[in-house]
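A.B. asks: Join the two chains, each given in its own frame, into one complex according to the hints.
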Amino acid sequence: MPAYYLEALTVTLGIFLLVAEAFIPSKSKTWVGLVAIVGLIGVLALTLRAIGPDDAAEGKEWANYALWNLYKYDATARFYKIIALVSAIFVLILAIDYRSVLSKFSGDHGKEEGTGEYYSLIVIATSAMMWMASAKNLAFLFVSLELLTVTFYILVAYMKRNVGSLEAGVKYLILGALSTGFLVYGIAWIYGATGTLDFAQITLAANFEGTPGTPLLFGVALVIIALGFKIGAAPMHFWIPDVYQGAPTPTTAFLSVGSKAAGFMALITFLAPFSHSPYAGKISSVLVILACATLIIGNFGAIPQNNFKRLLAYSSIANAGFILLAIAANRDGADGLSSAKIAAFYLASYLIMTMAAFFILNIIRVQSGSDNIDALDGLSKRNPILAVAATIIMASLAGVPLTVGFVGKFFVFQAALASHQWIPVIIAAIAASAGFYYYFKILRAIWWNTPNHKSPIPFDTSSIFSFALTFLTVAILVFGVWQQPLFNLLKNVR
Amino acid sequence: MLSIIFLIPFLAAVAIIFGAPARLTARIAAMTTLLIGLYAAFTWQCECWASSLSVLITPSIDLAFGFLNGTSAIMVALSVIVTAAAVFTGKAPEGREKLYYSSSLFIAAGAIGAFISTNLYFFYAFHELALIPTFLMIGLLGRGSRKEIAWKITIYLGVGSLILLAGLVWLAKESGTYNMIAMLDGTRQIDPAAQKPIAALLIIGFGTLVSLFPFHSWAAPAYASAPAPTAMLHAGVLKKFGLYGLLQLAVPLLPIGMNAWLTPLLVLLLGNILWVGFVTINQKRLDAMLGNSSVMHMGYIFLAIAALIASNAAGKVNTYAIPAASVLMFAHGISIALLFGLADRIERCTGSLDFADLGGLAKPAPTLAFLFGLGGMASLGLPGLANFSGEIMVFLSSFEGRNAADPLTPVQITTILSLWGVVLSAVYVLRAFRKIFQGPTVSMTVNATDIPLMDKLPALLLAAALLIVGIYPNILVQLLK
Chain A
269 MPAYYLEALT
279 VTLGIFLLVA
289 EAFIPSKSKT
299 WVGLVAIVGL
309 IGVLALTLRA
319 IGPDDAAEGK
329 EWANYALWNL
339 YKYDATARFY
349 KIIALVSAIF
359 VLILAIDYRS
369 VLSKFSGDHG
379 KEEGTGEYYS
389 LIVIATSAMM
399 WMASAKNLAF
409 LFVSLELLTV
419 TFYILVAYMK
429 RNVGSLEAGV
439 KYLILGALST
449 GFLVYGIAWI
459 YGATGTLDFA
469 QITLAANFEG
479 TPGTPLLFGV
489 ALVIIALGFK
499 IGAAPMHFWI
509 PDVYQGAPTP
519 TTAFLSVGSK
529 AAGFMALITF
539 LAPFSHSPYA
549 GKISSVLVIL
559 ACATLIIGNF
569 GAIPQNNFKR
579 LLAYSSIANA
589 GFILLAIAAN
599 RDGADGLSSA
609 KIAAFYLASY
619 LIMTMAAFFI
629 LNIIRVQSGS
639 DNIDALDGLS
649 KRNPILAVAA
659 TIIMASLAGV
669 PLTVGFVGKF
679 FVFQAALASH
689 QWIPVIIAAI
699 AASAGFYYYF
709 KILRAIWWNT
719 PNHKSPIPFD
729 TSSIFSFALT
739 FLTVAILVFG
749 VWQQPLFNLL
759 KNVR
Chain B
747 MLSIIFLIPF
757 LAAVAIIFGA
767 PARLTARIAA
777 MTTLLIGLYA
787 AFTWQCECWA
797 SSLSVLITPS
807 IDLAFGFLNG
817 TSAIMVALSV
827 IVTAAAVFTG
837 KAPEGREKLY
847 YSSSLFIAAG
857 AIGAFISTNL
867 YFFYAFHELA
877 LIPTFLMIGL
887 LGRGSRKEIA
897 WKITIYLGVG
907 SLILLAGLVW
917 LAKESGTYNM
927 IAMLDGTRQI
937 DPAAQKPIAA
947 LLIIGFGTLV
957 SLFPFHSWAA
967 PAYASAPAPT
977 AMLHAGVLKK
987 FGLYGLLQLA
997 VPLLPIGMNA
1007 WLTPLLVLLL
1017 GNILWVGFVT
1027 INQKRLDAML
1037 GNSSVMHMGY
1047 IFLAIAALIA
1057 SNAAGKVNTY
1067 AIPAASVLMF
1077 AHGISIALLF
1087 GLADRIERCT
1097 GSLDFADLGG
1107 LAKPAPTLAF
1117 LFGLGGMASL
1127 GLPGLANFSG
1137 EIMVFLSSFE
1147 GRNAADPLTP
1157 VQITTILSLW
1167 GVVLSAVYVL
1177 RAFRKIFQGP
1187 TVSMTVNATD
1197 IPLMDKLPAL
1207 LLAAALLIVG
1217 IYPNILVQLL
1227 K
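So the protein lines, in turn, are chains A and B.
With the first letter of the first sequence counted as 1, position 464 gets the number 732 in the numbering used here; the numbers rise by one all the way through.
With the first letter of the second sequence counted as 1, position 110 gets the number 856 in the numbering used here; the numbers rise by one all the way through.
Okay, chain B solo, but in the shape it has when bound (with noise of 0.2 Å):
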């Protein structure tokens, strides 16, 4: 049954491509899967969705959909709203309309495949389904020096698939299937030799599709270059296939190897948020600035992952980080996707992304301002939002269950120093929204329009569920029970 909302945005791109009208037959796409994804999402304990065609016996294959867990269930909940946000945002160019609405529905239905997919096999082929549209949008359509970049991202994307490739390959010749719910019910033990270099493919392999430093210099220019619904559905929805990978295959799968590479893991994502966080702020342009932004927030939901491997390393239970970074990801998710959406609108009425060249679009555009407020608050991690809600869990988990007599453990330090992450989001959120919407109208901003409500239909889906989950954060929570 889930199968369905990999479908539709998958043959509705197909349609386009053979001559469907593009915009139409996309929206009508994106708002059918918004309401079955939604659905589904929060009735995912029902037997119902699971489905599984055979696709080969001998080694056994299978079409298999399904929910693994919540953390599914959550992940298809951020895929669909983005997916909806992201065909409403932006204007494709003349005569691009198939090769703009196609390739987001393709990118959408790769991510929502891989999300839905348990079985290993087709979990990876899907997300590597967007690599095409990718390559093609950024290529065609992109800003700057967009031929270049698209290189960049393909080689990078393809190179990191294939080790992940063969991480995979390796785990599922370990547990001896490719079926993943198999894989997780816990009966089966990889083989501990095995699990340093499992772990050691996987960590770089998913570590490059989320921009793990020193794997992310690809991800800040193809986020600036991209057209809007690309940015969105990548940074916002495919970014978090690593991530999602690492949660639901490495940690449970290779305690003793995930354990192994801990410290290592932890300088990583430090440098995502410390090193990253520097750098974000020294950015002149919108668009460079959250591409950057979006690298540094990668570190904290890397934080709650790593507070998992040590608990599980130490046997004890952690009840904050799977719910940490389930919302954290859908949480950064949205909020990226509503400021890649808006920083596309402001280019669009102002002409440019520069700082140098922007100020005061608060008084003709203030819904923009607001939006893009709410959005830049979201993402600074103010209480309210939903970013808080997954941020204050990140931290919790890392400090549960400790006695105030105990030394401070290798992941509690790397919290401690990367709360100043938190530090530089608002320096340079506060300052991004100070220069382009604040202080006097320059000559680019003067004539610029407010957001008309075709663009605000899909900024306010994004903001109230900034705003839902912010208040009510046990609404995804619940769903991970």
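Here chain A stands alone, though its shape is the one from the complex (with noise of 0.2 Å):
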């Protein structure tokens, strides 16, 4: 099956759910967000059977259309397509989950009715998602992150009723306009510089003595200033600890996982074709800097963090660094670990761990009606098995060994040493020493801390919830001791 049929798919089936929505009278909406996962697994089933151009048998006339001058279908694309299914998978899971809170902030006297479009919206920005992955030119790359972020922009503020969320839209609003403007600006500087907007002739023509450098790297600084406000890379972090506060939590969820990929993605896509050229010095200096800010500012702001979701936030912030620092380091993958391959793993695992969280997160909000960390007192004691996921969890973003969180870390400190980059190497070393203290808060909380209610919600958890919760925790371990199945997953990423 060509390809290109599975944003076709993906985006035709969030029409169809909006439609639908509108069309069928129900008192519950759950059944939206149902159809809208099995419908997404499906996809993912048909992802990897999915064939590029190269793939095509003899004769058949798609493999010659021109949309494969845009659009490509290799190894890099497919697992970040599976990287945004996924996370939509699971963020649907929690939407069905959040959906007492978004219809208390959403719909008229808190009805369920106004909760159906939220579904079919997290369904489209994974189409948008998809297609970045795939693009092969610049005017692409930037209409498909435009489709995603426009998207966010209502997911962001879909509780129309809640001042928080509402803060948290016009917030983003602005800053995601901010970074479109630098984005289409840079991306005017390179096409002036170049001639052509296509990765592939960038490659050819950052190599070629006749390009003129400094406008170039003009460019390629405002592409980097713009796509590092969508992976809250130090400076362009501050929208999102208030953002991801703000927003309803899948929205935070899948900003922090779905959305965070997808700009790594597009990140590394774009820097490729400057890896071998003149440039690639000074590029990877920025970013060595970029990396080194994030890894401080992410993991020190955390410290001091009471609100369990500015915490995530932070620690989104702080995992980001990594992932810089590793593409950062420039590796062409020699020693069969390539920048692009440690930064996919990486995002891997931290969609694993993170989402976990965001599934801790979830199950308090909803039943205690608090995202503060002292919500998770006594946890231990409320319901012991959710408290040793939780212990695993925060031992796997805390960077224990033997979860997936650690050996996304020691690949990166393993690139950073590979090229060279002591000081970045101790400053992760520092910072990651730091995540120990703001990620065992919860532990602490969970438990040294006695309830601090008279009679403490035991937290129930429903059954969808718990399997999706064990299947990620179960995931953290495996991953963490036996990587090779991921890693066959990103065998041609380069």
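To be clear, the hints were calculated from the coordinates, so they are not data collected in a lab.
It should be emphasised that the depicted structure is a prediction, and the values quoted were computed from it without experimental measurement.
It is possible that some hints are incorrect.
Calculated lysine to aspartate or glutamate pairs in the EDC-like style (CA-CA distance at most 20 Å, straight line) [claimed, not checked]:
hint	chain 1	residue 1	chain 2	residue 2
1	A	K404	A	D466
2	A	K295	A	E385
3	A	K295	A	E381
4	A	K649	A	D728
5	A	K372	A	E289
6	A	K428	A	E381
7	A	K649	B	E840
8	B	K1202	B	E1093
9	A	K372	A	D639
10	A	K759	B	D808
11	A	K709	B	E894
12	B	K919	A	D603
13	A	K649	B	E843
14	B	K1062	B	E1146
15	B	K893	A	D642
16	B	K919	A	D600
17	A	K428	A	D510
18	B	K1030	B	D1103
19	B	K837	B	E1093
20	B	K1181	B	E1093
21	B	K1181	B	D1103
C.D. replies: What follows is the structure in structure tokens.
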């Protein structure tokens, strides 16, 4: 099956759900979410079977479409499509669990009627991420990134009767528009310097002596700034804590995992043409500075946080720092680990553990009405199994060995050391030990503190929810010890 | 095959979390591990113990278990003995049995896993497994200002481990493999320019984990505060990980780098022996005294390592250094575990560990006094007990091959200075014994009961190990041949 059907199917699913939701009268809108989950699982299955033009049988007409000048389907594209789909599926499960809060602040009189569109917007955002993963051309990248951002404007401000959500929406809108401005301007400079928007042509131009270097680097810098907003690299990170805290939790999870992965994918695709060019050293040193700033601000900003959601926001900045460090190392993969591969592996591990952390956050938000860390007080007595799961998840985020979180950090250290970046490695080590402190704060609340209410809520878990959480927790441990399955998916990623 | 002595405690701990009867499961698991572990340690040369399972092809990482050499076997013997003693010692607080026993088993599994790993990645990873249970145990069940101390140990060990990680990753990059057996086969030369920084990272990283002066300030409060099994396992076994790493990796692989840092290392180890020795004398509580004494005794093992570095640099063979370090690690682990276990018993029967509150305990509790005396004598180096065999070899190792006319080397000067440490240990051990057990009974001790059978068993196991190795040290030394 030609790969371009994947996005077409996904966006069709989104539109279909939007229409069906409007015309089928029903009190509960949970079915919309369930149909979306089933649909996306179907697309995920098809992703493994989809092929690009190189693998097409002889004489297939579709293999010669002009579309393939803009759209690629290789191991990298496939990997990031899988990341987008998997994170969307988990976000939909979160959204179903979150519907009581969502309807309280969005529908009329707390009915579920206003929540149906939420699920279809998630599906449409997913299709945008999948298109981004296949971009071969700056214009294509830009258009799909805009589709993603515009969808997120709505998703962030979805709780229209909640001031926090609206505030987050406004902030995200303004800063999103600003970053779009940087992106378009940067693309224009690159076009001016190279005369093309196609990544393959840009690669040639970057290695061509006649290309004017300063305008090209200026354009590259503008694009790095624009994408820095998306991935939360310091100093373009400042919107993250506020927006993450205000947005509905499933949106936050999607922003934190899906949108960030898409941003990194865009950054890696965009920087690939320059990796062997005369500009590689300059770009790499800019990225090293960004990485160090991000590591410091993310990790040390997280230390004083008392709000779990805000803590996860800083944690997402901190993790962006580690991924940036891997990209800055600019490894070509002669030792089996290229920068792109490490970043992809890190993002997969980050998906697993951060999504799991959002499941824990979701359950305390829905059942205790609070996002604060003290809502977890005494969890070890209230729900021991959930406490053990939370312990494993936090250990993984902190980077304790034998969890998947450690493996990612381990490879980042390895790549940075192999590129002789001593100072960033020291900063990363200090930052990672700060991580021990703030992630263990959660463990302290769970195990040391006593419940702060007279009759604490035991925290029930619904079946689909428990299944997803168990799945993620087990994945943290399995991939922490046995990484080969993930690396099989990454085999041809460059 | 060897993976079984890691898996038994690990799976037992998981089973306890999911509802298996805590105390019974832990004790059965620990006894089984003890039997298999001792058998494995004494038959370590057999090829049958090694196993390997690939978890990642490029870069190649294997979940590989096996014995690197006799030192690994001795450390395994130490780990399983202390583990068995630890799960029989102490009393879990009401409603916390699950946490208490599963944490002990996780710490034990982490230590055993590290000592039997032959892959650098898992060597590091298993050691870290103990970080979370230690944090929870001290924070929840510790004495004194336990939360502060739990944070302190976590941050300290976290930073130390990350510095260590940087050093180990660099080491693996320079030698081109994570397989420790391949690293040590003698065919690889580490780039001399890289040796010095790698050695610095490893000395600081491993040193923090072993409480090398001045990175030691986490250890004494943590051991003083920790519940008995945690203190026994951490001070007795887990802390040896750092020394083990230096002995197995840093010394053979980085001869030039380690020699470059020899003088600072000698100064620091004197800090351990003399500075911390005086600090120990000044302690007013038994738990604080034991915590500090365990930091102090690390200095002697570092001295053996330093003698080995110096001999390697001079191109001489040092026959005593490795046996000295191995036997002393074993002896110290057993004796400190015995003392921490008995300190827990003293606290439970009198309600205090403050020297001012205690006195005359030998009258109501003669067996306790005898066992404590044995542990104390061992730790001050009385001949006939295991620590003596270790310490005498340490001193021999630094003077080996010396001609009477040669000037003293720095290592030998350090050895002479560190002999004063033996005097310091005698002072604090004997004083503690006198204050707790001798003199007239006081109000806290008059109603104390002697040590019951169930608490006697672990103490006897440890005391027997001290006596056997003390009288016949060759039982361990022959493993190193």
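A.B. asks: Are any of the numbered hints broken by this structure? If so, which, sorted upward?
C.D. replies: Of the numbered hints, all hold.
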